[in-house]
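Novice: Order-wise, the sequence lines are chains H and C.
For the first sequence, my numbering gives the first residue as 332, with consecutive numbering after it.
For the second sequence, my numbering gives the first residue as 473, with consecutive numbering after it.
Simulated from the structure, these hints should not be mistaken for lab results.
The model shown is predicted, which means the values in this text are computed figures rather than measured ones.
C-beta atoms are modelled at their ideal positions from N, C-alpha and C, and glycine is treated no differently.
Do not take every clue at face value.
[Claimed, not checked] Straight-line alpha carbon distances no greater than 25 Å define the calculated DMTMM-like cross-link-like pairs of lysine to aspartate or glutamate that follow:
no. : chain 1 : residue 1 : chain 2 : residue 2
1   : C       : Lys552    : H       : Asp672
2   : C       : Lys545    : H       : Asp666
3   : C       : Lys767    : C       : Glu860
4   : H       : Lys807    : C       : Glu860
5   : H       : Lys668    : C       : Asp542
6   : C       : Lys681    : C       : Asp710
7   : H       : Lys552    : H       : Asp469
8   : C       : Lys545    : H       : Asp672
9   : C       : Lys770    : H       : Glu472
10  : C       : Lys777    : H       : Glu428
11  : H       : Lys668    : C       : Asp590
12  : C       : Lys777    : H       : Asp693
13  : C       : Lys777    : H       : Asp430
14  : H       : Lys360    : C       : Asp786
15  : C       : Lys770    : H       : Asp416
16  : C       : Lys545    : H       : Asp667
17  : C       : Lys552    : H       : Asp666
18  : H       : Lys417    : C       : Asp786
19  : C       : Lys552    : H       : Asp693
20  : H       : Lys384    : C       : Asp786
21  : H       : Lys816    : C       : Glu592
22  : H       : Lys417    : C       : Asp776
23  : C       : Lys770    : H       : Glu428
24  : C       : Lys777    : H       : Glu694
25  : H       : Lys360    : H       : Glu428
26  : C       : Lys711    : C       : Asp842
27  : C       : Lys767    : H       : Glu401
28  : C       : Lys552    : H       : Glu694
[As the list claims (entries may be wrong)] Label pairs and their calculated CB-CB ranges:
no. : chain 1 : residue 1 : chain 2 : residue 2 : range
29  : C       : Asp699    : H       : Leu810    : 30 to 40 Å
30  : H       : Gly357    : C       : Asp542    : 47 to 57 Å
31  : C       : Thr758    : H       : Ser686    : 34 to 44 Å
32  : C       : Pro780    : H       : Arg805    : 29 to 39 Å
33  : C       : Leu678    : H       : Glu822    : 51 to 61 Å
34  : H       : Thr491    : C       : Lys767    : 30 to 40 Å
35  : H       : Glu822    : C       : Pro626    : 34 to 44 Å
36  : C       : Ser649    : H       : Glu694    : 36 to 46 Å
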Amino acid sequence: MFSLTSTIDSSSIFSPRTAELLLRTGKPKISTPGILTCTSRGIVPHLSNDNVKRTRAIRWVHVSFESFLEHSPPIPTLLQPQHGDKPRLNSFLGLDENDYLLSMSLRDPSDGREMPANTNTYVTANCIRGVRRVTPHDWQEYVRSLKPDIAFSLSDIPFTPPSYSQKRITKSIERSALWLQGLLGALSASSPMLFVQMAGGASIPARKAFSDSLLEVVHGKDADAIHPMKSLDEGVAGYVFDLVPLRLALAPDESICTLLQASLRPLPRTKPRLVTSACGPHEMLRLIRDVGVDLFDTQWAQRAADVGVALDFGFPVAIAGGQQQLHDLGYNLYDDKYRRDFTSLGIGCTCPSCSPYSIPADEIIRHSSIDAPSTTLAGAHQPYTKAYLHHLLHTHEMSAHTLLVMHNMTVMERFFEGVRDVIGGAGGSKDDFVMHVSKFIETYAEDDSESNSNPEGNVLAAARKAWREVELLRGKGRLSREAEKTNQANEMLVKEMDEKGAEGGVLD
Amino acid sequence: MEFTPIAKCSVTNARVARMVLAHAETTLPTFMPVATQAAIKGLTAEQVESLGVTLILNNTYHLSLRPGVDILKEAGGAHKFEGWRHNMLTDSGGFQLVSLSKFTTITEEGALFSSPFDGEPTMLTPEESISIQHAIGADIIMQLDDVGNLLQGPRVQEAMERSIRWLDRCIQHHESSGNKDKQNLFAIVQGGLDPNLRDECLDAMLERKDRVAGYAIGGLSGGEEKDVFWKIIKQCADKLPEDRPRYAMGIGFAEDLLVCVALGIDMADCVFPTRTARFGVALTHTGPLNLRLTKHAKDFNPIDKACPCPTCRDGTSRAFINHIITHETAAAHALTIHNIIISAHFLLDTLEIVVYPEWCVNALRSVGVDLLENMDVPVVPGGGAKWEYSDAA
Numbered sequence: 332m333f334s335l336t337s338t339i340d341s342s343s344i345f346s347p348r349t350a351e352l353l354l355r356t357g358k359p360k361i362s363t364p365g366i367l368t369c370t371s372r373g374i375v376p377h378l379s380n381d382n383v384k385r386t387r388a389i390r391w392v393h394v395s396f397e398s399f400l401e402h403s404p405p406i407p408t409l410l411q412p413q414h415g416d417k418p419r420l421n422s423f424l425g426l427d428e429n430d431y432l433l434s435m436s437l438r439d440p441s442d443g444r445e446m447p448a449n450t451n452t453y454v455t456a457n458c459i460r461g462v463r464r465v466t467p468h469d470w471q472e473y474v475r476s477l478k479p480d481i482a483f484s485l486s487d488i489p490f491t492p493p494s495y496s497q498k499r500i501t502k503s504i505e506r507s508a509l510w511l512q513g514l515l516g517a518l519s520a521s522s523p524m525l526f527v528q529m530a531g532g533a534s535i536p537a538r539k540a541f542s543d544s545l546l547e548v549v550h551g552k553d554a555d556a557i558h559p560m561k562s563l564d565e566g567v568a569g570y571v572f573d574l575v576p577l578r579l580a581l582a583p584d585e586s587i588c589t590l591l592q593a594s595l596r597p598l599p600r601t602k603p604r605l606v607t608s609a610c611g612p613h614e615m616l617r618l619i620r621d622v623g624v625d626l627f628d629t630q631w632a633q634r635a636a637d638v639g640v641a642l643d644f645g646f647p648v649a650i651a652g653g654q655q656q657l658h659d660l661g662y663n664l665y666d667d668k669y670r671r672d673f674t675s676l677g678i679g680c681t682c683p684s685c686s687p688y689s690i691p692a693d694e695i696i697r698h699s700s701i702d703a704p705s706t707t708l709a710g711a712h713q714p715y716t717k718a719y720l721h722h723l724l725h726t727h728e729m730s731a732h733t734l735l736v737m738h739n740m741t742v743m744e745r746f747f748e749g750v751r752d753v754i755g756g757a758g759g760s761k762d763d764f765v766m767h768v769s770k771f772i773e774t775y776a777e778d779d780s781e782s783n784s785n786p787e788g789n790v791l792a793a794a795r796k797a798w799r800e801v802e803l804l805r806g807k808g809r810l811s812r813e814a815e816k817t818n819q820a821n822e823m824l825v826k827e828m829d830e831k832g833a834e835g836g837v838l839d
Numbered sequence: 473m474e475f476t477p478i479a480k481c482s483v484t485n486a487r488v489a490r491m492v493l494a495h496a497e498t499t500l501p502t503f504m505p506v507a508t509q510a511a512i513k514g515l516t517a518e519q520v521e522s523l524g525v526t527l528i529l530n531n532t533y534h535l536s537l538r539p540g541v542d543i544l545k546e547a548g549g550a551h552k553f554e555g556w557r558h559n560m561l562t563d564s565g566g567f568q569l570v571s572l573s574k575f576t577t578i579t580e581e582g583a584l585f586s587s588p589f590d591g592e593p594t595m596l597t598p599e600e601s602i603s604i605q606h607a608i609g610a611d612i613i614m615q616l617d618d619v620g621n622l623l624q625g626p627r628v629q630e631a632m633e634r635s636i637r638w639l640d641r642c643i644q645h646h647e648s649s650g651n652k653d654k655q656n657l658f659a660i661v662q663g664g665l666d667p668n669l670r671d672e673c674l675d676a677m678l679e680r681k682d683r684v685a686g687y688a689i690g691g692l693s694g695g696e697e698k699d700v701f702w703k704i705i706k707q708c709a710d711k712l713p714e715d716r717p718r719y720a721m722g723i724g725f726a727e728d729l730l731v732c733v734a735l736g737i738d739m740a741d742c743v744f745p746t747r748t749a750r751f752g753v754a755l756t757h758t759g760p761l762n763l764r765l766t767k768h769a770k771d772f773n774p775i776d777k778a779c780p781c782p783t784c785r786d787g788t789s790r791a792f793i794n795h796i797i798t799h800e801t802a803a804a805h806a807l808t809i810h811n812i813i814i815s816a817h818f819l820l821d822t823l824e825i826v827v828y829p830e831w832c833v834n835a836l837r838s839v840g841v842d843l844l845e846n847m848d849v850p851v852v853p854g855g856g857a858k859w860e861y862s863d864a865a
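Same shape as in the complex, but just chain H (with noise of 0.2 Å):
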């Protein structure tokens, strides 16, 4: 259940809050503000499993369905259950029930790609092999099947070049609301939460319309379909907000911040508003100090650790202030001034990269019965360093990543955790956390580079520009470009020969 601890101005319903969402006894609490991690093909980018477990600030894994469209039936909708009646989500991806909270949607929610048109019948996907349609039946069918904690309500998104006409938009709604009717019908009591993305674009108008539709009194044949519940509304837990799909229909003088409250208006104020794709901290803060919202997902921290960047920012900000210059969110650690910083990631880091070996000596596996434990060794808990990170990323080692993504999970979860101590009023007026959200947008510089209107400012930006140089330089498909570049050589010397031996032969 969710249930709000703290809210800092209760005549507002966009007011900052915080909340503890316990889905059953035994399952992970989740704190919010919060975060959700991202995963990639069912995994989280760069983690084996046993990385998963020492990331303590992985909690929350959201799972995104469409890559394993590829077979069909699916692969996960094929396993059989072994233990009485384990999900068969957690059983295929390794991950216990009891640690971790698991939510699936049909599409990644960071995929911006164009898209063939969704119909009134199917919505389409996109796996390995190409696009997949998706019927409301079939998307039933596999939250039916794989049993995620928390399951996305099929919502019919666009993703054909915007502008949309009016009458798009209002089939986006209809069919939406349509499906989730469907979906609540379809799945029983004890069967995942529902969580419904929000539709209506980037039209203000629509999004309320759909919010109004979720609160309609159903009647006649729909009201005996999704019976005992009387409005769609009643059987869902939390609403979803993708940012990027709003991002590509927004127009430039527009805020993301009033089509969240535009749909949310209406809406009861006890439910979880989550947020996927958010561009980092300073969105979130604003999301979180204008709009209420209470979970993020972490693609952007997870995708900073793709291009090299190990996150540094707290919350509320601990540098002194007065600064002309504004501070880096974090290291661009392919920069050659970390090539002899033998410093850590980050002070008083608790993740697996900053506080390494937190396992205990008896866990680790012993070949045969004489192997001594290892109890006497010199440099424990020493820290991975600047230097090594750099080192790892010019050398095109996959452990760079590995190690980035462990921490900058980390440095998440401990910014959500200050946050919901300033809001949580923890020694503070109410005021606190609105004054510390500007001090923190004073401080530090704001990944703006995707929005193109920065796209060279910042360190995220200088990363990803280095970090293609070097899979260039080291990559996949090195070898073919080496041989292409020699070929091409050749063909310069050649040409170069026959150039001079047509001029008077001296090379005989």
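Starting from the structure of chain H, add chain C where the hints point.
Specialist: Relative to the frame of chain H, chain C by itself:
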């Protein structure tokens, strides 16, 4: 170094020993995973430690290019640089010069190669190799040898003889450096596939026994016939002293490990288990599984139910690995963990291997084991393990 043989097999020449080095203790026999560029591909040092690995290999050639000797010195050595708390061995850098550089020339002074950075001619002498290994700070360091893997004809003898002369220069340089109490120098027995040359090399290197901490057998694993391979290993292992560790360089296939241990080898290294993992191959006691193949897509069994590695213990299915392998680096990590554990076990509970190649049967007969006695196991002719190349196989 403290090297204490603990037990010897009553039938074969296999033995168990304890080796105490500057950083930690290692039980032998052991398989050393390779951390070419200061990391086992994709894993963290903590993860490697959790697998019970106590001795890893770093490559001198790679580390001297990146991060470079200066940075390693500033960091306080490779152990500190990469956060590794147990033992480490470095090679001499010579093998990579021959295998990776097209322009290496061997002279009596050392190996002349063109620098990969600026193309300038650069000389790696035995003294320079030892100096670099001092900067890296591994617990076991290797002499620079004139690598014989790719040689034929009179060059084999020349390389063997030069390796002895270079050993003397390495010993000299190592002893005068003051690092002798922390780092242990191993000699490398060369001599190609010729038993007479091997004998000559063994004799010369045994004369220097008091000044070397252990012996490696080099020049093998270059695609030679298995029946030649095991005979050379046996010849060397038989002659090498009981009170020195014996290290077979570049050995990593399951049957090779099994045979080497039975013949009295204590240590082996190979990139094979970790490299093959990145190509989607999981090693098992019944042969390699190519998990990229569609035939594993619906197989919900773990790779090996009895395997103690985190991947198998979690019940990670072959189907799930099939779904992520070659797409997600974490799939390679999951298989790397598994293959390291399995390789360690090939050295210890080798009798669980179910299919024996004929050459293994012959090799083990030489040390008094008849694999086929009282056992109904299939024997396959030729090189060994059957590989899954396609779904049809």
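Novice: Taking 25 Å as the top limit, are the C-alpha atoms of C:Lys711 and C:Asp842 close enough?
Specialist: holds, 23 Å
Novice: Run the distance test for C:Lys767 versus H:Glu401: straight-line Cα separation, threshold 25 Å.
Specialist: holds, 15 Å
Novice: Does C:Lys552 pair with H:Glu694 here, judged by a C-alpha cut-off of 25 Å?
Specialist: holds, 23 Å
Novice: Given the hint that H:Lys668 pairs with C:Asp542, does the C-alpha gap stay at or below 25 Å?
Specialist: Roughly 15 Å separates the two Cα atoms, so the pair holds.
Novice: Are the Cα positions of H:Lys360 and H:Glu428 separated by 25 Å at most?
Specialist: The hint holds at about 13 Å.
Novice: Within 25 Å, alpha carbon to alpha carbon, are C:Lys777 and H:Glu428?
Specialist: holds, 21 Å
Novice: Has the hinted range 29 to 39 Å been met by the Cβ atoms of C:Pro780 and H:Arg805?
Specialist: Given range 29 to 39 Å: holds, Cβ gap about 34 Å.
Novice: Would the hint linking H:Lys360 and C:Asp786 be met if the CA-CA limit is 25 Å?
Specialist: The hint holds at about 23 Å.
Novice: Compare the distance between the alpha carbons of C:Lys767 and C:Glu860 with 25 Å, and conclude whether the hinted pair is satisfied.
Specialist: holds, 10 Å
Novice: Assess, step by step, whether the Cα of H:Lys816 is no farther than 25 Å from the Cα of C:Glu592, and give holds or violated.
Specialist: Given pair H:Lys816, C:Glu592 holds - Cα atoms ~21 Å apart, limit 25 Å.
Novice: When you check the alpha-carbon spacing of C:Lys552 and H:Asp666, does it fall within 25 Å?
Specialist: holds, 21 Å
Novice: Taking only the CA atoms, is the gap from H:Lys417 to C:Asp776 under or equal to 25 Å?
Specialist: holds, 22 Å
Consistency with the previously given hints is maintained throughout, with no hint failing.
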